[in-house]
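Trainee: So the chains spell out like this:
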Amino acid sequence: MSVILDKAGLARMIVRLSHEIEERNEGTEGVCLLGIKRGGEAVARRVAEAFAARGVFVPYAGISIGMHRDDLVTSYFIPEAEKNEIGFSVEGKRVVLCDDVLHTGRSVCAAIDAIFELGRPACVQLLELIDRGGRELPVRADYVGKNVPMSRSEFLDVGFAELGGDDTVVIRKR
Amino acid sequence: MIIKNGNVVLRDGVKKQDIRIEGNVIAEIADHIEGEGIDAAGLTVFPGLIDMHVHFREPGYEYKEDIESGSRAAVKGGFTQVCCMPNTSPVCDNAAVAYFIRHRGEDVGLVKVHPIGAITKGENGEQLADIGGMKKQGVVALSDDGKSVANSKVMRFAMEYASNFGLTCLCHCEDKELVDGGVVNEGYSSTLTGLKGIPRAAEDIMIARDICLAQSLDLPVHICHVSTYSGVQLIRAAKQNGVKVTAETCPHYYAVTDSIIESFDSNTKVNPPIREEIDRLAIVEGLKDGTLDCIVTDHAPHHVNDKNVEYNMAAFGISGIETSFSFAITYLYRTGALTLCEIADKMSGAPARILGLEGGEIAVGKAADLTIANLEESYVVDSEKFVSKGKNTPFNGYELYGVVKYTVVDGKIKYREA
Amino acid sequence: MLKHKDLLGLYDTSAEEICEILSTAVNMKKLLLQNIKKLPHLQGKTATTLFYENSTRTRVSFELAAKYLGAGTVNISASSSSVQKGETLIDTGKTLDAMKNDIIIIRHPMGGAPRLLAKNVRAHVVNGGDGMYEHPTQALLDFYTMQETFGSFNGLKVAILGDIKHSRVAKSNLFGLTKLGAEVRMYAPQTLIPKGMDAMGAKIAKRREEAIDGADVVMGLRIQLERQQGGQFPSLSEYSEFFGVNRELMRYASPRAIVMHPGPVNRGVELTSSLIDADNSKIEEQVLNGIAVRMAVLFLLTQREGQV
Chain A
12 MSVILDKAGL ARMIVRLSHE IEERNEGTEG VCLLGIKRGG EAVARRVAEA FAARGVFVPY
72 AGISIGMHRD DLVTSYFIPE AEKNEIGFSV EGKRVVLCDD VLHTGRSVCA AIDAIFELGR
132 PACVQLLELI DRGGRELPVR ADYVGKNVPM SRSEFLDVGF AELGGDDTVV IRKR
Chain B
11 MIIKNGNVVL RDGVKKQDIR IEGNVIAEIA DHIEGEGIDA AGLTVFPGLI DMHVHFREPG
71 YEYKEDIESG SRAAVKGGFT QVCCMPNTSP VCDNAAVAYF IRHRGEDVGL VKVHPIGAIT
131 KGENGEQLAD IGGMKKQGVV ALSDDGKSVA NSKVMRFAME YASNFGLTCL CHCEDKELVD
191 GGVVNEGYSS TLTGLKGIPR AAEDIMIARD ICLAQSLDLP VHICHVSTYS GVQLIRAAKQ
251 NGVKVTAETC PHYYAVTDSI IESFDSNTKV NPPIREEIDR LAIVEGLKDG TLDCIVTDHA
311 PHHVNDKNVE YNMAAFGISG IETSFSFAIT YLYRTGALTL CEIADKMSGA PARILGLEGG
371 EIAVGKAADL TIANLEESYV VDSEKFVSKG KNTPFNGYEL YGVVKYTVVD GKIKYREA
Chain C
958 MLKHKDLLGL YDTSAEEICE ILSTAVNMKK LLLQNIKKLP HLQGKTATTL FYENSTRTRV
1018 SFELAAKYLG AGTVNISASS SSVQKGETLI DTGKTLDAMK NDIIIIRHPM GGAPRLLAKN
1078 VRAHVVNGGD GMYEHPTQAL LDFYTMQETF GSFNGLKVAI LGDIKHSRVA KSNLFGLTKL
1138 GAEVRMYAPQ TLIPKGMDAM GAKIAKRREE AIDGADVVMG LRIQLERQQG GQFPSLSEYS
1198 EFFGVNRELM RYASPRAIVM HPGPVNRGVE LTSSLIDADN SKIEEQVLNG IAVRMAVLFL
1258 LTQREGQV
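Residue numbers (this note's numbering), protein chains in the order written: chain A, 12 to 185; chain B, 11 to 428; chain C, 958 to 1265.
A portion of the hints provided could be inaccurate.
Restricting the straight-line Cα-Cα distance to at most 20 Å, the calculated cross-link-like pairs of lysine to aspartate or glutamate (EDC-like) are [to be verified]:
#1 C/Lys987 to A/Glu93
#2 C/Lys986 to A/Glu93
#3 C/Lys995 to A/Glu91
#4 C/Lys994 to A/Asp168
#5 C/Lys1136 to B/Asp420
#6 C/Lys986 to A/Glu91
#7 C/Lys987 to C/Glu1242
#8 C/Lys995 to A/Asp82
#9 C/Lys986 to A/Asp168
#10 C/Lys1076 to B/Glu272
#11 C/Lys1152 to B/Glu427
#12 C/Lys995 to A/Glu40
#13 C/Lys994 to A/Glu128
#14 C/Lys987 to A/Asp178
#15 B/Lys317 to C/Glu1044
#16 C/Lys995 to A/Asp17
#17 C/Lys1076 to B/Glu427
#18 C/Lys1152 to B/Glu272
#19 C/Lys994 to A/Asp177
#20 B/Lys14 to B/Glu427
#21 C/Lys994 to A/Glu102
#22 B/Lys317 to C/Asp1048
From the derived model, a few chain C residues whose C-beta atoms are all more than 12 Å from chain A [claimed, not checked]:
#23 Ala982
#24 Leu990
#25 Ile993
#26 Lys995
#27 Leu999
#28 Gly1001
#29 Glu1044
#30 Asp1048
#31 Ala1156
#32 Arg1184
#33 Ser1211
#34 Asp1236
#35 Ser1238
#36 Leu1257
#37 Arg1261
Hint data in this document are derived by calculation from the structure and do not stem from the laboratory. Source: prediction; values computed, not measured. The beta-carbon is built from N, C-alpha and C at its ideal position, and this holds for glycine as well.
Bound-form chain A, shown alone:
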């Protein structure tokens, strides 16, 4: 087991990412954060809190991608899914899709699908806390907290406090 990010490191990273968003979008006009439930939702909330600390309001919400997974039929299961009701419109918005770990890229595709069900945003940008490599689809993040190339036998554990963790990111052997 090795810790790649402790609590303080995580907090600094979130603040940095929020600045990158502001920089790339030349402000926060029309920006909203959508986090993939449930880890990505925590990331979006943290980023929104980082903006709020600077007195900037950026709306955020979690989205469920269960219904959009590409293995529903091949693995034949019924997803745990929630209807996506995010409380604001994505129409014409600059959506920053947030997740904790970028791996195969399949969740991202499912999430883009889910977003399009909600409306037609001006653009979708991708924010990932950790990019562990191992892509199976042509997906690239716009904002990356940290690149951590990992083998398939390793397991990345992102432990957000609100999800019962201790705000650290660790690698475990499977």
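Given chain A, work out where chains B and C should sit, using these hints.
Mentor: Then chains B and C, alone, in the frame of chain A:
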């Protein structure tokens, strides 16, 4: 021709005897007769079996069976005489059809084919059929089989009129109102499958009526295919009271119970329906104590198209003439219920007596009708091997004992096992 | 995963399979409650409802279940008279097979017809009610409703009142509930109780109170007018007075008892109106549960070819 070394089923026992046939009669029965003939060592020789209740379907339903295919099936099953029920198309309710059936039988020349005439025109239960004319053409009995004559007055007149011609009415007993569209026995299995049940009373009520008519008119009556324990009781009591009633049952009533319908196999659909264990036991008891005089097959061949449909829509009937003898050996003789002499009487002697037919017994001077079988040999029923056109049996896969080796009709070998 | 290609009845469905259907239905209902109705599992498949008996309720329930799973649906309504004259059931089935149809949901006035069809077609066959034999999905939705309310079937007391004799619902309930460990009581006029129900595990009550005594579930079954015309009871009002269920009788039931009915209800005949509309009536809930259960059945039957 001499039949040598067979175990011969005589009226009073089974004895190893040789039988000499001259022309179409039995000329001599003795311990040892010199000459050439069939070696029946290890085989059992029965009086030629008589099935007094079959459906050969001709004329009209030749796609189900015809007199030729039926005859070939009959001799394979060990039968030397059969009586064909009149529910053909046209119905055998007149001299012409009776003539046709008898002569078709003669032309085929295997089993002796006797027509049975309808009681009423078109089996409609209303107007008497041409009973005298049919008698002239050789009908041996009268029946509206497949239906009851619902009107008691018509039935009464039929019995009275038939007596002028020495004919007995063979009564299919069924109260249509109580049957009410039923297709199986009413009981556990009908409830389980949701298939509409036919109560015993539907059969018993008509048995009772026909017994009452026979008693009040002092005329004979014959009850067809008895299936209920209560029907056996009614007939037993009537016989004790001196009523001239005789009765028959079929292999499917003494051998199996209605649990076989739970497969929804429409080949189990037969009228009257296969009943429960209490009935089966009573039928066996009725055969033992003589309440039930004879065993018939009610051979009811059907085309696969008549059966390969919803159970409710499937035709009633079992193709049984090729397995009837083996059923008797397996379920009555080997179980100890009946002796070979009793089986010979149920399947040959009694039908001959009831209908006044020749044969029925192995005795000098009698018709040389013989059924020669190996009772120790068994086989597995496979309807694809039936020579009857009707492959409709629910008994595929049953292992049965008693294999017919020769069927001799009027002194000629009409069937020899391949 | 279900053992057979088809769902023909609960008589030959194991308790494990029933439980699997019910737990799958729990997931289905979660989605339905959120108004999520577009699962992809049957995409590219076709389900045909082949109804030889009129039934809007069951047909629509199956049709929506199939649609919510992504299947295309086709409805065939054939009157019984056309069965008598027209194409045989087997030929109809083979025709649907040839058209590459995947699932047949059949309702038929004759018991055993779905079984005959299933034996002769490649498609999955689901029994939507056959004669007086079985109506498995109705019973499954009843079980679902009971499980949702009580959590378990062990020792559950279920009273079924109504036309037991002609009811495929009563039988499918009996077959399933006895496997699940529930106790089934039945009550009806003697003309509407068939032979042998007791041997199948039902307790045939002598009085209404006896059937309802301590019952957790009180289920009414539809009384069809033709039974009265057939002479099996004198009038609907007499039926209601002596064989129906009212508030008074419900006092004998368990305090937590629920009221169920497969519908459509004759108000004031099998159950009084006040019972149908009471808080403990699950009759409307049964309808939603019906979709969830039928989705679960279609989902599980097609699981084998769905999975890679």
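Trainee: Enumerate the violated hints, using their earlier numbering and listing them in ascending order.
Mentor: As far as the earlier hints go, 4, 5, 9, 11, 12, 14, 16, 17, 19, 21, 23, 24, 25, 26, 27, 28, 36 and 37 are violated by this structure, in ascending order.
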